[in-house]
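Peer 1: Chains as they are written, first to last, in this note's numbering: chain X, 1 to 213; chain C, 214 to 426; chain W, 427 to 639; chain E, 640 to 852.
If you're looking for bench data, these hints aren't it; they were derived computationally from the structure.
Keep in mind it's a predicted model, so treat the numbers as computed, not measured.
Don't take every hint at face value.
Straight-line C-alpha distance at most 20 Å; calculated SDA-like pairs for lysine to any residue [as the list claims (entries may be wrong)]:
hint : chain 1 : residue 1 : chain 2 : residue 2
1    : E       : Lys688    : X       : Pro116
2    : C       : Lys247    : W       : Pro539
3    : W       : Lys475    : E       : Val756
4    : W       : Lys437    : C       : Leu291
5    : E       : Lys673    : W       : Asp458
6    : W       : Lys475    : E       : Phe817
7    : E       : Lys650    : W       : Val498
8    : X       : Lys49     : C       : Gly323
9    : C       : Lys224    : X       : Asp202
10   : E       : Lys650    : W       : Asp628
11   : C       : Lys262    : W       : Val543
12   : C       : Lys224    : X       : Ile196
13   : W       : Lys437    : E       : Gly651
14   : X       : Lys34     : C       : Arg269
15   : X       : Lys11     : E       : Pro837
16   : W       : Lys460    : E       : Val756
17   : X       : Lys11     : X       : Tyr139
18   : C       : Lys247    : W       : Pro481
19   : E       : Lys673    : W       : Ala463
20   : X       : Lys11     : E       : Glu787
21   : W       : Lys475    : W       : Asp458
22   : C       : Lys224    : X       : Glu148
23   : E       : Lys650    : W       : His505
24   : W       : Lys475    : E       : Gln750
Number of protein chains: 4
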Amino acid sequence: MHPPPGSGPGKGRIEALSDGVFAIAMTLLILDVKVPALEPGQEALLPQKVGELWPRFLGYVVSFLITGVFWVGQHVQLHYVRRSDRLFMWSNIAFLMLISFLPFSTALLGQYPLQPVALCVYGVNLTLAGLVLYGQLLYASGPGNLFEPGMDPRFFALGGQRILMGPAVYSAAILLAFFVPVVSLILYAVVPVLYILPGRVDRFWHHRPADRP
Amino acid sequence: MHPPPGSGPGKGRIEALSDGVFAIAMTLLILDVKVPALEPGQEALLPQKVGELWPRFLGYVVSFLITGVFWVGQHVQLHYVRRSDRLFMWSNIAFLMLISFLPFSTALLGQYPLQPVALCVYGVNLTLAGLVLYGQLLYASGPGNLFEPGMDPRFFALGGQRILMGPAVYSAAILLAFFVPVVSLILYAVVPVLYILPGRVDRFWHHRPADRP
Amino acid sequence: MHPPPGSGPGKGRIEALSDGVFAIAMTLLILDVKVPALEPGQEALLPQKVGELWPRFLGYVVSFLITGVFWVGQHVQLHYVRRSDRLFMWSNIAFLMLISFLPFSTALLGQYPLQPVALCVYGVNLTLAGLVLYGQLLYASGPGNLFEPGMDPRFFALGGQRILMGPAVYSAAILLAFFVPVVSLILYAVVPVLYILPGRVDRFWHHRPADRP
Amino acid sequence: MHPPPGSGPGKGRIEALSDGVFAIAMTLLILDVKVPALEPGQEALLPQKVGELWPRFLGYVVSFLITGVFWVGQHVQLHYVRRSDRLFMWSNIAFLMLISFLPFSTALLGQYPLQPVALCVYGVNLTLAGLVLYGQLLYASGPGNLFEPGMDPRFFALGGQRILMGPAVYSAAILLAFFVPVVSLILYAVVPVLYILPGRVDRFWHHRPADRP
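So that you can see chain X by itself, here it is in the shape it has in the complex (with noise of 0.2 Å):
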């Protein structure tokens, strides 16, 4: 109960707010799909007024995993982080502040797909998502000296490697966004998968009981 000495305020309420904000970004979005309304009567056409509503079904499931690759990377990030100071609480705020907008650029986006400023919107706000993480990962491990002291400095280069991958295919997309508008969205639809997939890093937290000597 007592705090060591010298160590500042924990991590768990980061972990908490950010809990909270996830959650409720992640299911704002549910709110954009309304019931659709007809006149009695009129209920054989529900089956082909539900259907009419898939672009909002997909808007909803891609939204909801963008936000999951984001929770991920900070839940494994934050993980090994032991202690948190007063610029590593306020990037988080601002890195929190970024993925409460992703419900407003990702309906943006899914009611204008092809037009270059909804794809330059929903890819700065990702790219900045991302810098803002791996701004954190920088500091933590550097200056900051926030993590558990001992840790393998190539959890360091591959987790930020693994943070850097988004921002590089938004960066192109954002790009291309003013050129061939469909290929940029077909880039936006691909990154969630990617980071879906295991990954190196995963060695560094993903250890079998199995594994060990």
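Following the hints, complete the assembly by docking chains C, W and E onto the known chain X.
Peer 2: This is chains C, W and E only, laid out in the frame that chain X set:
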């Protein structure tokens, strides 16, 4: 504070994110129950207007209970999980995606309670959520090796049976939706009752101190 | 990390789910307070328009306090609970269902403050929530055997009396709603004040270190 | 699991409830940023329409940061609190009531940025939140005796000064609102910057391991 070597990120944040999504999914439906708007001088109509809201009240209660069924199920299952990996995290995000879809499918059913398409969407949503939960049990108790060591295999068997009880009834309800919609509707209403009743799996976690030797 | 044998799933997630539902129920009502919309050039009317919102502001404050009363009550009670079972989990889901219904019944009362049906719905909602909390106390301290061992029986007796204070006043308010609605309304406003004042039950948890021998 | 004798209900759930309210208050404002609706064929206007949303974007960012200021402040203060009592719980509920009022007062200011009444409501909301936080510090470090034993009195003094910095500037802004509204607006925008910068109080929690003897 230092995680044991070889253990991945814990389950604490999976639980926190889940509780956030469940809390929002549970409370979103009250937004569908609107206070009746009456012209000044017509207040005598208020009791009648409030009475006419009963299908909304009923939908609110049923939806809350069904979400509660999944919360209890995931809660008990996660309780015995000792660590997580990337696949488990993502299966949980898929599970939460289906949970936060419930306000939509419940609202659809509440508005069109005897339309086959509404009964289908609702049943498919519930069936998928049950199957993901069952898949998590299989993975965590098998290849993932995520549960506490030394757990009784009957816990997994009985827990799995209990989880599959829902999808079994829901599948029947989906088929019946096209022939006798009212029977389909009754089947959906029965399932929460089945789950609220204690089951044989409870023996493995519902021990009272007096039971101990 | 390994739960002691014989203990069921803990209370941590019951608390987390409850805090999520309470937080949402508490903040939903601010959505009812709308920024006044004025035509360009009519800004001089803004002070008057904001002033006219006072019943909304009052409803927001009262609703926040009443939800707070239940949060404090459940918080203190759960604090001494050491484990949970299926019945306790479900009684808690019923309790949360009544809590997240409060935004509706408060909004109904805010709009029709002197209509018997609004006063009734509000009173029944509060009474049921209080009775479920009381039932949990009886069950957990009796057949459920869920509390910490060695607790002072006076804690249960005084805590129970304090919980029942609400339903007692609410029942009177429900009856009076049909004869003198304004008295009923005043009774509702008085109850949060009663609960905010310290009670005799506090002696059992409000010990200052100086009190210890 | 067994609380030490004499300790009241812990602070864990106060933190959890607070994080829920903060997360909701932070994300509610994105609901005010609506995707522009365009007729088919008018998509060329989208960049302009998105650009016109800039005051909404700005309001979102400022509101997020100001809520973040209070979150960081309450987080640091609660971190050193070791137990709670009824008065502390209720002062925290009052604090959360003011926090979840922020989406309204920020929206009011966003719509009428130079109207004295909007500047006043906003300033009074922020001032009250700051004063409640300060009152909690006084109570917990004095009569309530709620902090960890052996804390440096300079922590309370510097922390208190830092908290009061806000209400001091806000009071000036409220007065200036009636004479030079634009100066009042600028003062509000400056405060989050002041709080994001590190302060002397950080010395008491921002120790790096290298600093230790």
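Peer 1: A separate judgement is required for each hint: does it hold in the structure or not?
Peer 2: We went through each hint and held it up to the structure:
no.	hint	verdict
1	Lys688(E) / Pro116(X)	13 Å, holds
2	Lys247(C) / Pro539(W)	16 Å, holds
3	Lys475(W) / Val756(E)	10 Å, holds
4	Lys437(W) / Leu291(C)	13 Å, holds
5	Lys673(E) / Asp458(W)	18 Å, holds
6	Lys475(W) / Phe817(E)	18 Å, holds
7	Lys650(E) / Val498(W)	12 Å, holds
8	Lys49(X) / Gly323(C)	16 Å, holds
9	Lys224(C) / Asp202(X)	16 Å, holds
10	Lys650(E) / Asp628(W)	16 Å, holds
11	Lys262(C) / Val543(W)	10 Å, holds
12	Lys224(C) / Ile196(X)	18 Å, holds
13	Lys437(W) / Gly651(E)	13 Å, holds
14	Lys34(X) / Arg269(C)	16 Å, holds
15	Lys11(X) / Pro837(E)	18 Å, holds
16	Lys460(W) / Val756(E)	15 Å, holds
17	Lys11(X) / Tyr139(X)	15 Å, holds
18	Lys247(C) / Pro481(W)	18 Å, holds
19	Lys673(E) / Ala463(W)	16 Å, holds
20	Lys11(X) / Glu787(E)	19 Å, holds
21	Lys475(W) / Asp458(W)	15 Å, holds
22	Lys224(C) / Glu148(X)	19 Å, holds
23	Lys650(E) / His505(W)	11 Å, holds
24	Lys475(W) / Gln750(E)	14 Å, holds
The structure shown violates none of the earlier numbered hints.
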